[in-house]
Amino acid sequence: MMFRLEKRPSPSRLWAAATPVLAVVATMIAGGVMFWLLGKDPFEAIRIIFWDPLFHETFGPYSRPQLLVKAGPLILIAIGLSLGFRAGIWNIGAEGQYIMGAIIGAGLGLAFYPTESRLIFPLMVLAGAFGGWLWAMIPALLRVRFGTNEILVSLMLVYVAEAFLASVSQGLLRNPDGMGFPGSRNFKDYPAAHNGEILAGTGMHWGVAAALVAVIFAHVLLSRHMLGFQVRLSGEAPRAARFAGVRPARLVLFCLGMSGALAGMAGLFEVSGPAGQISIDFNSGYGFTAIIVAFLGRLNPLGILLAGLLMALTYIGGELASLMLGIPAAAIQLFQGMLLFFLLAMDIFTNFRIRLKKPEAA
Amino acid sequence: MDLTSINPVLLVASLMVAATPILLAAIGELVVERAGVLNLGVEGMMITGAVVGFAIGVNTGSPALGFVAAAAGGAALSLLFGLLTQYLLSNQVATGLALTLFGLGLSSLIGKPYEGIKSPTLQKLDLGPLGDLPIVGPILFGHDPMVYVSLLMVLGVWWGLKHTRAGLILRAVGENHDAAHALGYKVVRVRMAAIAFGGASAGLGGAYISLVRVPQWVEGLTAGAGWIALAIVVFASWRPWRALLGAYLFGGVTVLQLNLQAAGLAIPVEYLSMSPYVVTILVLVLISARGRHGAPGSLGRIFHSTG
Numbered sequence: 001m002m003f004r005l006e007k008r009p010s011p012s013r014l015w016a017a018a019t020p021v022l023a024v025v026a027t028m029i030a031g032g033v034m035f036w037l038l039g040k041d042p043f044e045a046i047r048i049i050f051w052d053p054l055f056h057e058t059f060g061p062y063s064r065p066q067l068l069v070k071a072g073p074l075i076l077i078a079i080g081l082s083l084g085f086r087a088g089i090w091n092i093g094a095e096g097q098y099i100m101g102a103i104i105g106a107g108l109g110l111a112f113y114p115t116e117s118r119l120i121f122p123l124m125v126l127a128g129a130f131g132g133w134l135w136a137m138i139p140a141l142l143r144v145r146f147g148t149n150e151i152l153v154s155l156m157l158v159y160v161a162e163a164f165l166a167s168v169s170q171g172l173l174r175n176p177d178g179m180g181f182p183g184s185r186n187f188k189d190y191p192a193a194h195n196g197e198i199l200a201g202t203g204m205h206w207g208v209a210a211a212l213v214a215v216i217f218a219h220v221l222l223s224r225h226m227l228g229f230q231v232r233l234s235g236e237a238p239r240a241a242r243f244a245g246v247r248p249a250r251l252v253l254f255c256l257g258m259s260g261a262l263a264g265m266a267g268l269f270e271v272s273g274p275a276g277q278i279s280i281d282f283n284s285g286y287g288f289t290a291i292i293v294a295f296l297g298r299l300n301p302l303g304i305l306l307a308g309l310l311m312a313l314t315y316i317g318g319e320l321a322s323l324m325l326g327i328p329a330a331a332i333q334l335f336q337g338m339l340l341f342f343l344l345a346m347d348i349f350t351n352f353r354i355r356l357k358k359p360e361a362a
Numbered sequence: 363m364d365l366t367s368i369n370p371v372l373l374v375a376s377l378m379v380a381a382t383p384i385l386l387a388a389i390g391e392l393v394v395e396r397a398g399v400l401n402l403g404v405e406g407m408m409i410t411g412a413v414v415g416f417a418i419g420v421n422t423g424s425p426a427l428g429f430v431a432a433a434a435g436g437a438a439l440s441l442l443f444g445l446l447t448q449y450l451l452s453n454q455v456a457t458g459l460a461l462t463l464f465g466l467g468l469s470s471l472i473g474k475p476y477e478g479i480k481s482p483t484l485q486k487l488d489l490g491p492l493g494d495l496p497i498v499g500p501i502l503f504g505h506d507p508m509v510y511v512s513l514l515m516v517l518g519v520w521w522g523l524k525h526t527r528a529g530l531i532l533r534a535v536g537e538n539h540d541a542a543h544a545l546g547y548k549v550v551r552v553r554m555a556a557i558a559f560g561g562a563s564a565g566l567g568g569a570y571i572s573l574v575r576v577p578q579w580v581e582g583l584t585a586g587a588g589w590i591a592l593a594i595v596v597f598a599s600w601r602p603w604r605a606l607l608g609a610y611l612f613g614g615v616t617v618l619q620l621n622l623q624a625a626g627l628a629i630p631v632e633y634l635s636m637s638p639y640v641v642t643i644l645v646l647v648l649i650s651a652r653g654r655h656g657a658p659g660s661l662g663r664i665f666h667s668t669g
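Sequence order for the protein chains is C and A. Going by our numbering, the first residue of the first sequence is number 1, and it counts up by one from there. Going by our numbering, the first residue of the second sequence is number 363, and it counts up by one from there.
The hints are simulated quantities; they were obtained by calculation from the structure and are not laboratory data. Each statement offered as a hint is correct.
Not everything, but these chain C residues come out facing chain A in the computed CB check (under 8 Å):
1) G147
2) I151
3) L152
4) V153
5) Y159
6) A166
7) P328
8) F341
9) A345
Only pairs whose alpha carbons sit at most 25 Å apart, straight line, appear in this in silico PhoX-like list of lysine-lysine:
10) A:K548 with A:K524
11) C:K7 with A:K548
12) A:K474 with C:K40
Glycine is no exception: its CB is placed at the ideal position from the N, C-alpha and C atoms.
Assemble the whole structure, with the sequences as input and the hints as a guide.
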């Protein structure tokens, strides 16, 4: 080997900020090659994905609001996940918490149908957060009480939540006036429970507002609050954390509970707004994509804000690309996966110095 | 409901088929984890193996070639994980998740043209009069070759880990990579080999679903089988024979719930279909409640030699 890796005393802040940008560039190049292999013009494809959704004359006005609609849930979920990831607590079942939050929150709203009251929507949001929190408490309590691996339990619960969703959308929450079709009442027809746009034509709904609040909240928590310090300490130096009196059980309950509640809220905002109703497939994998968003944003609240917007752009751009060039939707999923790979690979520059190996003395 | 329609002999025979994909993936991951590496990308490698095996099986008309290609595909993907975690020293949990997300995207991209096609499937091994024996015939001698391959792999891994020098080195690397390095063993090389073996096994497991068990390609075909394989490695306390037990137990739950669905049990289908996942959680809890048994000492830790 010609090179030698030398561990940096502390991660380089410059590289930590530069790697996401480099990873995006590398993904564009590798993605371009992939589009070329699919028989498409790579430059056109990249332009359609990253530029046209925002600036195209005809598509722009339609796509721009979608940016916030898609980024809202991604940011909200990723903020919650990042707290746990920082402390070495791996909640990868956000998709399940998102579904359960949506079911419980929407269920509460539907129970009040057709009452009109200003209180209904806030109550639904609380119920959504509660549903996600409850679902996340299962892996949290099992880990605290029995030391069960939270990665596997939280993931298994996604499949359980999906089966539950299929059940309620055909049974308990099915629209009684829907002539037997699966799926609940549409919240668009129930103003008190509808999560509409706050500013018409911007895509800004209450979920986006909540995401922005979550970003600020997480930033303050991590930089100014004792609990945030403990989260960071546990991830960076677990032994020191124990000596400093951090109670690991409390931290597990906090991190999983927080990420569950945020994911549940995201689910409720989605189902009562953009998706409109509980249906078998209203969830679109935001819970998993949010994992990429959290890492791409360097587990940093402000970074996650930017990463969420970028990832939302690839969703919208991907839809546009499949419309205009016939690029399959799966190619975009692959594109997002590649981004995470490149990011993790380039992290070596953040944590290590690369030195030329000096010739060994004979 | 008619429970008499469930034939216990056929139930056991079909649980072996249901368990085989998970067993293949689990035995591969077991070797990876015994070498001290936690690869959470099993699901991604499985589904890639499933689609690659299916595509090659359909195009060549030979399921055997499909399995070979699936193993190669799974191994190739796993080496990507190896490159990142072993040479670029990335976090294993994050990289494994990335591998799964990547594999899911890759498989649905490759699989699009193959949706709704039937593949050639493996013929059952003809063992002559043995297969006609009552009870033991269908259970022991009435399967396709891959069922026996999976059992041989369990035997091979058990033997290899316990009785060979290579197995000893692999375990040393997994228990304490610094000590193994000091003794002059090539930690990274051993781990790369283990990772590739794990990837190939996961690929085989995936192809078994798409070529034998279902046999069709649909998006998201593996439906968490890779994650269940990971859970089975924990259940098995990192021991090969217990992985066999765990996989067959899981296969039993899956087949039983399918049979109960068919028999028209008064429980809604959705609740029956969540049962394998719930059982997996319960088993994980039971195992962890007894304490941390047999996890390799260096599992999931990054190895960086300063020398």
